[in-house]
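Chemist: Let the sequences and hints guide you as you build the complete structure.
2 protein chains.
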Amino acid sequence: MTSFTYSELLSFTKNIFRAIGCSEDHAALAAKALLSADLRGVDSHGIARLSGYVRLWQAQRVNANPQIKIVHETPSTAVVDGDKGLGLVVGPAAMQIAIDKATQVGTGWVSVKNSNHFGIAGFHGMMALQHDMIGIAMTNASATVAPTFAKERLLGTNPICVVIPAGKEQPFVADFATTTAANGKLEVLQRKNNNAPHGWVQDKDGQPSTDVNELKKGGAMLPLGGDYEHGSHKGYMLGSIVDIFSAVLSGANYGPWVPPFPAYLPMPGHLPGEGIGHFFGAMRIDAFRPAEEFKRHMDTWIQRFKSAAVAEGFERVIIPGEPERAMEKLRMEHGLDLLPAVTEDLQKLATQFSIDFP
Amino acid sequence: MTSFTYSELLSFTKNIFRAIGCSEDHAALAAKALLSADLRGVDSHGIARLSGYVRLWQAQRVNANPQIKIVHETPSTAVVDGDKGLGLVVGPAAMQIAIDKATQVGTGWVSVKNSNHFGIAGFHGMMALQHDMIGIAMTNASATVAPTFAKERLLGTNPICVVIPAGKEQPFVADFATTTAANGKLEVLQRKNNNAPHGWVQDKDGQPSTDVNELKKGGAMLPLGGDYEHGSHKGYMLGSIVDIFSAVLSGANYGPWVPPFPAYLPMPGHLPGEGIGHFFGAMRIDAFRPAEEFKRHMDTWIQRFKSAAVAEGFERVIIPGEPERAMEKLRMEHGLDLLPAVTEDLQKLATQFSIDFP
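Protein sequences, first through last, are from chains A and B.
Quick note: the first sequence uses our numbering, first residue 5, plus one each step.
Quick note: the second sequence uses our numbering, first residue 5, plus one each step.
It should be emphasised that the hints constitute simulated quantities derived from the structure, not laboratory data.
Not one of these hints is a red herring.
Given that identical chains are not distinguished, each listed pair holds provided it fits within a single copy or across any two copies.
In silico BS3-like links for lysine-lysine, alpha-carbon gap of 25 Å or less:
| # | residue 1 | residue 2 |
| --- | --- | --- |
| 1 | K221 | K310 |
| 2 | K208 | K310 |
| 3 | K220 | K196 |
| 4 | K36 | K333 |
| 5 | K73 | K299 |
| 6 | K333 | K189 |
| 7 | K208 | K189 |
| 8 | K36 | K189 |
| 9 | K172 | K310 |
Modeler: Structure representation (structure tokens):
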């Protein structure tokens, strides 16, 4: 492990995005969005993916200078064409449109096509907080998940983020994959050579498995619930809703046709849409009741849940967003440790683009 | 088991609602909403609860003649005060407001306070279909579910319904409790004296249990996922989002303060709001892209999922809403079988209000 400060990694990442042709503003925004994953402890979606984004650009699947535009709108909705831009840049632009519409008519809802991976959903959803709005962000992703009863992969891990402001308490920030376990958790077990718990993956024939490498052998991840008896049809429904809101509403690719993140994987044939899809929402709190009143009740809600009686062996009930916030504080102060493989990968990028490596 | 036709039960139910003082229109609507649960196979939420609604009215917790009104609004939002009405009547009124707002500005979002149980979420969400809109419905409910790590009950089964129109294919209708298993499934096992699968319930100390009667002994149901290792924190987040959208946004009761359905249970003390809360949404499809285009892609989506390769022992992947639609067709044609206890309960109601029993 090598340790870096946040500002070192931010500056390096921004320089890489500048090097592939992003504008100053876009490079700064993309770097901030990408590193928000590392800060919040979602290491699988952060700087470890920087070289992956560069390879997508090399494969001409990412446009470094997108003309992001609204192609259809009503007072409370829009469809945005991301022009093959980095999702890290398209996402914030679309979320801002949702916020602007909420400012005007109470809520704003934006479905996005022709985009790429946008990092963590939480970064986009949390943009709503400074406007006293509830923020919603979701995205589809390439198919790694088998619907209940299937042995085929038809859905991505399709995360949902819902961010809700509070008063004296910190905001409620839910950000979760609609699978039993996020891909990043599988990767951690792969590095440790450990088995996966039951209900996380299945083999290529659709049979239960605890092999963490099952995905490489044609197997699939499982929807939240794990199996039918434990409600996996609900996880499958959630992942489907994310897919449809993000892509069928906007005109992006859906289901098994969502483009893969690794540039070396072939694109699916007969694409029904353009790029990857996202969906964003913003709801002004005072479009429902006075913001101060709402926040006072959110504080009561949070305090009641924090003080719940717990089962033996646990400290207390966690409010969504708490662990990530603690991680962000820690890493901002003490720096971020990167795995040797990630550091090497970044050093190669530095050499490739003649950029100083911290 | 005794068998009845749908129209016999509908007419009887309407007469009961008339007898407690509902208007002709309200009684007809409430009966239709309640029986939609029986038709769709959600027997736990249908006519079996009719006497429960009557007892709530006797306890003066239900107002048979509510003045349902908007207390705050913007072009795309409203908060509705249900005036202690039946949720079966307040729900459709609020959903209609969401639909009207969507007609005007693309989407409509309505949070409801001071209501009661509204039957199945699907009935309300499906109102959007005839308007070529996506429909969303959710509600909180009295606390039977322990958040991850807690031994206390702080959330209801808090269902989410999302209804999405298709073209030649039947619509996508997701309607599910945010717990591993809905209460109705536990009740079925209770009648059979069977054990519950792991991950459905825990005992009063927060320890895993397979005893289907655990709720009566101070135990709790578990959020979708079952335990932390299988993502129960995600089910807990989903249930929390439903609670906050339904009640903290509107001014209803939330968390452990949601009034219980059985009238004999005491009301929680120090209520932070009024009644039970719901949340409804409607999104006009053509606020995003032409409806015919969207529906063509939904058909492709549905056909692709229906034709997925399946694991051994399964017929095919189910599209959300299919089993309930098949049940509705069957029961509409062949009638509904009621358990002896339910029939007896209805006969007592008939006697109580001097109404003919079919």
